[in-house]
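Protein chains: 2
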Amino acid sequence: MRGAEALIRTLVASGVDTCFMNPGTSEMHFVASLDAVPEMRGVLCLFEGVATGAADGYARMAGTPASVLLHLGPGLGNGLANLHNARKGAVPVVNIVGDHATTHQQYDSQLQSDIETVARNVSAWISRPASTAAIAPAAAAAVAAAMGLPGQVATLILPADLSWGAGGEPAPPVAATAPRLIDADRVDEVARILCSGEPAALFLGGRTLRERGLRAVARIAAATGVQLLAETFPARLERGGGLPEPTRLAYLAEFAELQLQPLRHLVLVDAKAPVSFFAYPGRASYLVPDTCSVHDLAGAVDDVEAALDALADAIGTGDGSTRGAPAVTARPDRPTGALTAQAVAAALGSLLPEGAIVSDEAQTSGIFNPAATAGSPRHTWLCLTGGAIGQGLPVATGAAIAAPGRRVVSLQADGSAMYTIQALWTQAREGLDVTTVIYNNRSYSILNMELQRVGGEPGGAKAASMLDLHHPDLDFVSLARGMGVPATRAQTAEQFVHQLERSFSEPGPSLIEAIVPPLL
Amino acid sequence: MRGAEALIRTLVASGVDTCFMNPGTSEMHFVASLDAVPEMRGVLCLFEGVATGAADGYARMAGTPASVLLHLGPGLGNGLANLHNARKGAVPVVNIVGDHATTHQQYDSQLQSDIETVARNVSAWISRPASTAAIAPAAAAAVAAAMGLPGQVATLILPADLSWGAGGEPAPPVAATAPRLIDADRVDEVARILCSGEPAALFLGGRTLRERGLRAVARIAAATGVQLLAETFPARLERGGGLPEPTRLAYLAEFAELQLQPLRHLVLVDAKAPVSFFAYPGRASYLVPDTCSVHDLAGAVDDVEAALDALADAIGTGDGSTRGAPAVTARPDRPTGALTAQAVAAALGSLLPEGAIVSDEAQTSGIFNPAATAGSPRHTWLCLTGGAIGQGLPVATGAAIAAPGRRVVSLQADGSAMYTIQALWTQAREGLDVTTVIYNNRSYSILNMELQRVGGEPGGAKAASMLDLHHPDLDFVSLARGMGVPATRAQTAEQFVHQLERSFSEPGPSLIEAIVPPLL
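Chains as they are written, first to last, in the working numbering: chain A, 1067 to 1586; chain B, 1067 to 1586.
If you are wondering where the hints come from, they were derived from the structure by calculation, not from laboratory data.
Don't take every hint at face value.
Quick list of simulated restraints, FRET-style, between CB atoms [what the hints assert, rightly or not]:
{"hint": "1", "chain 1": "A", "residue 1": "PRO1104", "chain 2": "B", "residue 2": "ASP1534", "range": "32 to 40 Å"}
{"hint": "2", "chain 1": "B", "residue 1": "ALA1350", "chain 2": "A", "residue 2": "ARG1568", "range": "33 to 41 Å"}
{"hint": "3", "chain 1": "A", "residue 1": "ALA1396", "chain 2": "B", "residue 2": "ALA1200", "range": "51 to 59 Å"}
{"hint": "4", "chain 1": "A", "residue 1": "GLY1129", "chain 2": "B", "residue 2": "ASP1356", "range": "50 to 58 Å"}
{"hint": "5", "chain 1": "B", "residue 1": "ALA1190", "chain 2": "A", "residue 2": "GLY1081", "range": "38 to 46 Å"}
{"hint": "6", "chain 1": "B", "residue 1": "THR1183", "chain 2": "A", "residue 2": "GLY1081", "range": "25 to 33 Å"}
{"hint": "7", "chain 1": "A", "residue 1": "ARG1246", "chain 2": "B", "residue 2": "ALA1527", "range": "40 to 48 Å"}
{"hint": "8", "chain 1": "A", "residue 1": "ALA1232", "chain 2": "B", "residue 2": "ASP1251", "range": "47 to 55 Å"}
{"hint": "9", "chain 1": "B", "residue 1": "HIS1536", "chain 2": "A", "residue 2": "ASP1534", "range": "49 to 57 Å"}
{"hint": "10", "chain 1": "A", "residue 1": "GLY1308", "chain 2": "B", "residue 2": "MET1067", "range": "35 to 43 Å"}
{"hint": "11", "chain 1": "B", "residue 1": "THR1243", "chain 2": "A", "residue 2": "ALA1232", "range": "46 to 54 Å"}
{"hint": "12", "chain 1": "A", "residue 1": "GLY1574", "chain 2": "B", "residue 2": "PRO1443", "range": "45 to 53 Å"}
For each residue, glycine too, the CB sits at the ideal point set by N, CA and C.
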């Protein structure tokens, strides 16, 4: 059996049955072997950044990684930004990068590059099999490496001649490292702190923000009155339907400092101590005040959900149904009148369907959405984990493939949409139930804010022009239609509500371009 | 003066007065300083791959590098594929990558990454200034490094706090290393070989393919009868208007071997010995037959044009006007009837205006273009140097900015167009005279060919679907309009001729979607 076929069979046996791909000549045997393994689904993407971002979104929803297939070093480069996001979100990805045949690499031909070096930044695990027979065991190890905690990008470099070579044989799955159990002493120590009566908060990240963790922290908060804070951009947050909801730490350091200032204790659970996104002149990057002690309950390689259950038990909480239980939030009314970011938020809050998955890359315009959807039925929220824009549309694409039957709502700023707009084509091709909302405010609005915050000279005309997306105006309705996605433009709240309802009621993808004024 | 302003002033003093940019928060002081230095032109791109490709196209035409401004490691990742192409084409680029403030890097915040590692693959020169005062000298050194032979990507990593810090001062230009003169013995040795009467060819690359080099090799060929071969994908080739034209080595190794088989001597001039683009089962990568000796006249760091002049003088040629002078090629008639790749070529050949610049990423559909335009007025041809697709539209954009008044013709395959389609917006914004022709054959046609060539199993339905761009059909007219570029669709040869004439006669960008059947 060819190495490529042994690779695909091993991936499937290890639970990886989806491959987002943008292949080239060196990956043709992988492509040719797809028909031999019906269990593997190949999803063609028009750009590598779509493939890597889709793999990220897929794994967040499926719990198992997808694979991606990229073409040599430049293909990996094109996919790097969304692999960065996956790395920062601790999301497992099996990243397969084709390389030239081993005999060809000495000639420094046009597409020769040092793939390991490019991969190192995003990959905790890199392997280059040395023979056809070594491919399948490396693939099984890659899946295990990706799924071990913290979830990570595992890169398998696949030389073309080993891929086309004979003598491959599928390898059995390799078990991923199990989560580490934390010891009882640490639980007791944290319990003591939380029961001390001093102002304290749990700072929650990663896997704590799913149902089991949220139920546990709600019990703890009910018994002790501690605050529940969540990291600013969680990879996956379960919300709505009466689930308890932590307050997310603000993106703007000034506001985050206000949130942290009253605390004397901050207990980290699958999260790092908060720092600002960027540095600013005259401001500290580290956001925890000197008067607050930081404690670790459980980290990225620990069984954080078991740790929270143990902590709740140690504190001796009830069922969480009394003190501190979240109030039932009302859904907003349907908005009317001018279309603004607030009106979009109200429309989402009033219409978001049960089981929706929100891929959130709405930047400045999206700040009203979390509050407006707090009373919505149960849904999942996916954030921009690593700050590299161009994640939202691909993540929505991958999430829709992982969770058929759930409506995906892709909230996108105009500027960041243009990084990986090619994702729309894959949504059309695969018939995915994705509703994309573009906030078209015709500027890099967040950068106008940042320009002021970094203490720059008041921007002159040239500076302002570098943050401006007018001239020409981007027309997302045309862009979407160009890739086969039906699209409409909304200029009033009533139009937006109508278009959103229609999109939620029809199968397949559609796009709504919401013309909104910049907030800033 | 802020470090950022000192940096911009130094670039301008060193001859770099254009910056293609996609900035973020960490680059805001660079942006804010643009207004203080009117000589620096900032060109906003919606995606980093557009910025780096535009810098490549700019430098090929201007002879001096442009700068690019990228946002941290992920921004560099997005720009990496076209920096790879610039590196392979020995094109100078001053690559400025913003980084977090030095004080911020310890916190591993969301956008933290190891920029040096990502840059290493494409940059022969990397510097990270350690103080505000060190920025300007590093910038002057970066320009010199980029322009030294072979032209290369010089990466300057710019921490935000050094950029916003005070105490910067512009630095004077640094001279680039001068080309090395080759010694007379080598010239005499090559002259003796070429005059031996044995079958020989000059294999020409890099800077030999401009007017001075072409005039010299024409004299040599006229005197000795040697063949003139050019590398397959030159960075810049001057053509037409009666200029002598070498035969380009075929992309397909089978054909290249036929071209090389009769030779006993191959003399390299700013070129490497030919190897195949990819490896194929059972085929050698190195294409020069055992019966042919390879000789080096002058390489990438040598004064190759002086070497060719000296060689012509040593051979004692006349003025090249007699034996071996290129025949005057007739321009083709305007095509009629069905629109095919051949008809597109004929239309280009009949209409290409004097001084046109062709950015060629037409892949399989473009194979008829060189022959059809051999009789056109004088023009410049820019190729895909490094094989990383998504270069053509950005290179066209940068070339148009470097050479106002010349019509740029951007020949694009449908598949590769979708990698950096965002370039169209910058063309509209800057009002560039670019005519984009999309060959829409609705497939990765070249990969269908490669699938067969690598000896894959006859592709099944799944494999075929990974190379197919139907379902949905890409509609490039809508895509172009979405970015403010007027666009039309041509389905007959007459329509194409009419639309091409109109585009050449009107200022600003336009796009023609040519619906052509796949060749393969």
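Hint check results:
At roughly 18 Å, the beta carbons of PRO1104 (chain A) and ASP1534 (chain B) sit outside the given window of 32 to 40 Å. Between ALA1350 (chain B) and ARG1568 (chain A) the beta carbon distance is about 60 Å. The supplied range of 33 to 41 Å is therefore violated. Look at ALA1396 (chain A) against ALA1200 (chain B): about 58 Å separates their beta carbons, and that is inside 51 to 59 Å. Hint check: GLY1129 (chain A) to ASP1356 (chain B), Cβ distance near 57 Å, so the stated range 50 to 58 Å holds.
Restraint check, ALA1190 (chain B) to GLY1081 (chain A): a C-beta distance of roughly 43 Å satisfies the suggested window 38 to 46 Å. THR1183 (chain B) and GLY1081 (chain A) have their C-beta atoms about 31 Å apart, which keeps the hinted 25 to 33 Å range intact. As the Cβ distance of ARG1246 (chain A) to ALA1527 (chain B) is approximately 46 Å, the hint placing it in 40 to 48 Å holds. For the pair ALA1232 (chain A) and ASP1251 (chain B), the supplied restraint of 47 to 55 Å holds, since their beta-carbon distance comes to about 51 Å.
At roughly 37 Å, the beta-carbon separation of HIS1536 (chain B) and ASP1534 (chain A) lies outside the given 49 to 57 Å, and the hint is violated. Checking the proposed 35 to 43 Å range against GLY1308 (chain A) and MET1067 (chain B) shows it is violated: the Cβ atoms sit about 58 Å from each other. With their beta carbons about 50 Å apart, THR1243 (chain B) and ALA1232 (chain A) fall inside the hinted range of 46 to 54 Å. A hinted range of 45 to 53 Å holds for the C-beta pair GLY1574 (chain A) and PRO1443 (chain B), which are about 50 Å apart.
In summary, the numbered hints that this structure violates are 1, 2, 9 and 10.
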